[in-house]
Structure formats: C-alpha cells, structure tokens
Amino acid sequence: MKFSMLPQVFTQMFKKPWTNKFPAKYTPDNTTKFLEDVGTGKAKIIPPVETPEGFRGKIVYDKEKCIGCKLCIKVCPTNAIEFKEKEKKIKIYLSRCCFCSQCNDVCPVKCLSMGDEFLLADVDPYSKDLIVE
Amino acid sequence: MTEKKQTTKTTYQLPIGPIHPALKEPVMFEFEIDGERIIDVDVQLGHVHRAIEWTGMRRNPIQIIYLAERICGICSFVHPFAFVRAVENACEIEVPERADYLRVVHGELERICSHMLWAGVAAHEVGFDSVLFLTWEMREKVLDLTEYLTGNRVTKAILTIGGIRRDITKDHIPKIKETMDYLKNNFEKLRKIYLDDKTFKLRSQDCGILTYEDALKLCAVGPTTRASGVKKDVRVDQAYAAYSDLDIDYITPDVLTGEVNGDVYDRIIVRLLEVKQSIDLIEQAIDKMPAGDLVSEPKIPKLLNYIKKTAGEGIGRDEAPRGEVIHYVKFDGEHEEPYTWKVRASTYNNILPWIPMLKGEQIADIPIVAASTDPCMSCTNRVAVVDKNKKYELDKEQLHQLSVKKTLGLMK
Numbered sequence: 001m002k003f004s005m006l007p008q009v010f011t012q013m014f015k016k017p018w019t020n021k022f023p024a025k026y027t028p029d030n031t032t033k034f035l036e037d038v039g040t041g042k043a044k045i046i047p048p049v050e051t052p053e054g055f056r057g058k059i060v061y062d063k064e065k066c067i068g069c070k071l072c073i074k075v076c077p078t079n080a081i082e083f084k085e086k087e088k089k090i091k092i093y094l095s096r097c098c099f100c101s102q103c104n105d106v107c108p109v110k111c112l113s114m115g116d117e118f119l120l121a122d123v124d125p126y127s128k129d130l131i132v133e
Numbered sequence: 001m002t003e004k005k006q007t008t009k010t011t012y013q014l015p016i017g018p019i020h021p022a023l024k025e026p027v028m029f030e031f032e033i034d035g036e037r038i039i040d041v042d043v044q045l046g047h048v049h050r051a052i053e054w055t056g057m058r059r060n061p062i063q064i065i066y067l068a069e070r071i072c073g074i075c076s077f078v079h080p081f082a083f084v085r086a087v088e089n090a091c092e093i094e095v096p097e098r099a100d101y102l103r104v105v106h107g108e109l110e111r112i113c114s115h116m117l118w119a120g121v122a123a124h125e126v127g128f129d130s131v132l133f134l135t136w137e138m139r140e141k142v143l144d145l146t147e148y149l150t151g152n153r154v155t156k157a158i159l160t161i162g163g164i165r166r167d168i169t170k171d172h173i174p175k176i177k178e179t180m181d182y183l184k185n186n187f188e189k190l191r192k193i194y195l196d197d198k199t200f201k202l203r204s205q206d207c208g209i210l211t212y213e214d215a216l217k218l219c220a221v222g223p224t225t226r227a228s229g230v231k232k233d234v235r236v237d238q239a240y241a242a243y244s245d246l247d248i249d250y251i252t253p254d255v256l257t258g259e260v261n262g263d264v265y266d267r268i269i270v271r272l273l274e275v276k277q278s279i280d281l282i283e284q285a286i287d288k289m290p291a292g293d294l295v296s297e298p299k300i301p302k303l304l305n306y307i308k309k310t311a312g313e314g315i316g317r318d319e320a321p322r323g324e325v326i327h328y329v330k331f332d333g334e335h336e337e338p339y340t341w342k343v344r345a346s347t348y349n350n351i352l353p354w355i356p357m358l359k360g361e362q363i364a365d366i367p368i369v370a371a372s373t374d375p376c377m378s379c380t381n382r383v384a385v386v387d388k389n390k391k392y393e394l395d396k397e398q399l400h401q402l403s404v405k406k407t408l409g410l411m412k
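Top to bottom, those sequences are chains V and R. Be aware that the first sequence starts at 1, since it is given in my numbering, and climbs by one per residue. Be aware that the second sequence starts at 1, since it is given in my numbering, and climbs by one per residue.
Bear in mind the hints are in silico, worked out from the structure with no lab data behind them. Virtual Cβ for every residue (Gly too), placed ideally from N, Cα, C. Fair warning: there could be bad hints in the mix.
According to the in silico footprint, chain R covers these stretches of chain V (three or more CB under 8 Å from chain R) [said to hold, decoys possible]:
#	stretch
1	50–60
2	96–109
Calculated pairs, DSS-like style, for lysine-lysine (alpha carbon to alpha carbon, straight line, at most 27 Å) [unchecked claim]:
#	chain 1	residue 1	chain 2	residue 2
3	R	Lys-276	R	Lys-198
4	R	Lys-308	V	Lys-110
5	R	Lys-288	R	Lys-276
6	R	Lys-141	V	Lys-58
7	R	Lys-175	V	Lys-21
8	V	Lys-70	R	Lys-309
9	V	Lys-63	R	Lys-302
10	V	Lys-88	R	Lys-302
11	R	Lys-302	V	Lys-65
12	R	Lys-141	V	Lys-16
13	V	Lys-89	V	Lys-63
14	R	Lys-302	V	Lys-110
15	R	Lys-192	R	Lys-231
16	R	Lys-308	V	Lys-70
17	R	Lys-302	V	Lys-89
18	V	Lys-74	R	Lys-299
19	R	Lys-299	V	Lys-88
20	V	Lys-58	V	Lys-110
21	R	Lys-184	V	Lys-15
22	V	Lys-33	V	Lys-58
23	R	Lys-308	V	Lys-74
24	V	Lys-74	R	Lys-302
Quick list of simulated restraints, FRET-style, between CB atoms [to be verified]:
#	chain 1	residue 1	chain 2	residue 2	range
25	V	Ile-67	R	Pro-15	56 to 62 Å
26	R	Asp-293	V	Tyr-126	37 to 43 Å
27	V	Ile-45	R	Lys-359	55 to 61 Å
One chain only, chain V, in its complex shape:
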C-alpha cells in the first residue's frame, strides 16, 4: 500500500501557515480598545494583505465634478444610488452596493472611482461610513 500524501504531510509540518494574522496574532478581547491602543502606539497592528491594482472597494465620489445626469442610477444593478433632487447630486448606499464599478464606467465626467477600502462591516446599514455623498 502506498501513501502518496505522507511525504507532503511531513514537509508541511515544518512550514509556516500562509494565513496573514490580521489585525493581531490573537483575536483581541475588545476590538475597539485594541484599535485605540494602536492609535496611541501601545499595540502593533499586523497589516492586511495588500489589495491588487484594480481592486473594487469603497466608491470614491467627487461631488464637485458631478453634473447630475442620473446615468449611474440607470445602470446600477442593485439600485444603491439615490438622486438628491435639490442639489442635483447623488447619494450611494454602500450596504446595497455590489462593487461592480458599472457606475464608474458609465459616468461621462468620471467623478466616480473605486477606492481600495474594504473594511466595511457595520451593524447599521445606514451608518455614516456606508453612505457616500
């Protein structure tokens, strides 16, 4: 009987795991406190794996450039974009956004672009971090 997997398993025993232990080696008891400590320099944060070029993260909106043509609203697959009638500007709800970047493609003045921020988890779908305007 041949166990073809055995040599592989033994070499694996002496290898380091691939996992990048973000944000710390062990999960902190209190994340908010941990982040405060990082801010004051008491604790060290292990950086996340770098996002590749062309990564589709949180949308960046250049309000000044926007002409209010509503084309992004027309193509948005999840109806995540709302039009503000008074200002003739848009409001993007990231909790609905599917990060397809179709609004970036259709924008005639290129006022929208995809950023590289990806830590967007929140308990409130209408929190400030999740609304771009």
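Starting from the known structure of chain V, fit chain R onto it as the hints suggest.
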C-alpha cells in the same frame, strides 16, 4: 392485513432535501433503502423558484449581467457570459476579436478554480482531508491570479455586452506565466495523489457507474457525460469566442487509461485532465491574442438605446465547468427590459443521472457519488431517515463520518 405487510417490510425510505438555500436547484431525493444498500431512488424537482428571471425582466440588460453573475457562487463568469452571448445573438452585436480571446482566458481560469474546488471536496468526502488542503493551496494561486486580473476573487464583473471590461496588458503577462508554470509543475503531484493513491481507488473505482447509454438518454452534460465516454463539449461542438482558433479536443477517460467505465474514478480523471487542458488553452490564448478594441460600443447609454429599439430573440450557450449553460433572451423592441429571460444551468441535466449512479450503492457512497457530478454539495447537509413512526436525522457531519468509516474499513 395491511398492518402485517408493513411490519414485514424490509426496506425503508430515506428522503434527502428538498430545500437548502445554497442549492441552486432545490431537489428532493427519496431513497428506498435495504439495510445499507440503495435499491431505488426518486428525484423530485421544482420546489423553489428564485424568480431570478422575473427580477431580470424588470431590469435593463446591463443590470442583468450582474444579476446573472449571482446565479451561481462559483460560476460567476459563465452565467453572465451565456447571457451576454444571448443578447449579442438577439441584437446582432459584433464582439471584437481581442475580447473573444480575453473571454477564453477568464472562462478557463474559472474552470481551473471550479475543478480544483471540486477535487478538494471529493477528497474531503472520502475522508482524505490532507489532499483537500493541498488542492486548495494550489487553487489559491489561481484565485490570486483572478483577483490580479479582474479586481476581485470571485465576482469578476468583467463582462459587458459586446466585449469585455478590463484588458490583460503586458504587465499582467509575467504573473499569468508564473501561475501557469506553478500549476504545471505541481500538476504531476496532484495527478499521482488522485489517480494512483490506493485510498481514492478504493472509494471511486466501480462506484456510481453511469453507462454510455444512460448518459446519452438522460442528457447529462459536462465532465459527467464525458467520463461516460460521450463526446460532448460546447467548446468543440459549437465553438464560441476564440475556441475555434485554439487547439482543443474532447477529454474522455480513455485518453489516459484506454477504457471507459463511467465511474467516479473516471470523473476524477476527466476533471484533472481538463485542468491541464485549461492551462494549455490559457497559454495558447495569451500567445495568439491580437491587438484591438475591448468593446464594440463603449458608450453604454447608446448601447442600451440600441437594444431597446431591437426586437428579437437569442440563445447563448457556453461550457461551464459543470457542463452546458443555456440562456434565452427575447426583446420586444419597445422596452429596455427583456420580454423573457430563461436560464438553464448545467446541474439541472446532471440531476437525473444520479438515479442510475446511486442504485445499488451504499448510504456511505451518497456523498462521493453525488459530489462526483459537481452539484452544490449542500443537498447532503441534512438527511432524515424515516422508519415508520420512528424518525431520526443524519446531518452532514454524521453522513461524512459514515463515509470516512467506510474508507477506513476498506483500508484494513
């Protein structure tokens, strides 16, 4: 009298399904069990309709691309691909040649990902978890490449009607070459483990047999049918995108072993060889790729306006990792939204072949036989064994334990 008959009845029923959120096509199985052996299987379909098509009929084609991308969790390329091909067919939109080649590259990358994921799951089902992690380590490299080329790991958002959204530039090529070399160097290791290891042979040979006649009769598609020796592959039969320019042929198990059994082992062979074929196809496509435009109509409002004015119907077919995918679209020439949109995913065809495959097998073989057609595995998550009034449940963990036990028993 009937009371007496029931007490002497030796077989009992074992229903599986029908509803699980992760299952694309919710399906209900009723097994007739005699001890450990399955003597009859009944499949019931059509429990849940997700209304994806209905949702699509209230959206414009550009929005539907992203809806189609979410039909399947793994095939986030082939479904929108079939959809855009259907729209291109209906509205007679030409696709630039370079976009055709890029579509091949992304389609084959997805096939590698899917087949490797499947191979890992198959290893897990027979209780060989170290192979699962080895396979998925290699798959991770392919996912990294996908992320590098498209921006995200799974939902690629790369297709558009009449072309493709992102280019592969000269800067990308070294990384593609590197990943392909890595896969080629490690392929032999994977082949040895899957095809020569005794554990796999014990569990997969002569198990879940689908004969050539049954595969033809039940319209199985993809690797499931090719493992039974049926030469059926949309990429060759009705070459789309750039496949007609590339060197591609049907993969059947006799290429390697010289014979066709149609068992689980043959399905492993077919999928492994297809990974190799996909690597080859990506390299060919990268080498032969001509320069040119990415989309035929870069202005999306103009494109949508054109589709709105066009009346017609179209069919888009392509070869997904699991088999043929068909999308049908009809436009009435007045509305932007399609009049009809119909999707037929490949697992639908591969459900009925489960009946001849499972007959005569043991309960412990259900996971590996069901997994061998590469459905969404969640259908084995919950199995309830009903024996008259006594009812007890086997969850996925217990079923998995049974399968592992069988492997260990065979090894003794």
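Inset, instruction - Please flag the earlier hints that this structure goes against, numbers listed from lowest up. - result: Those not satisfied: there are none.
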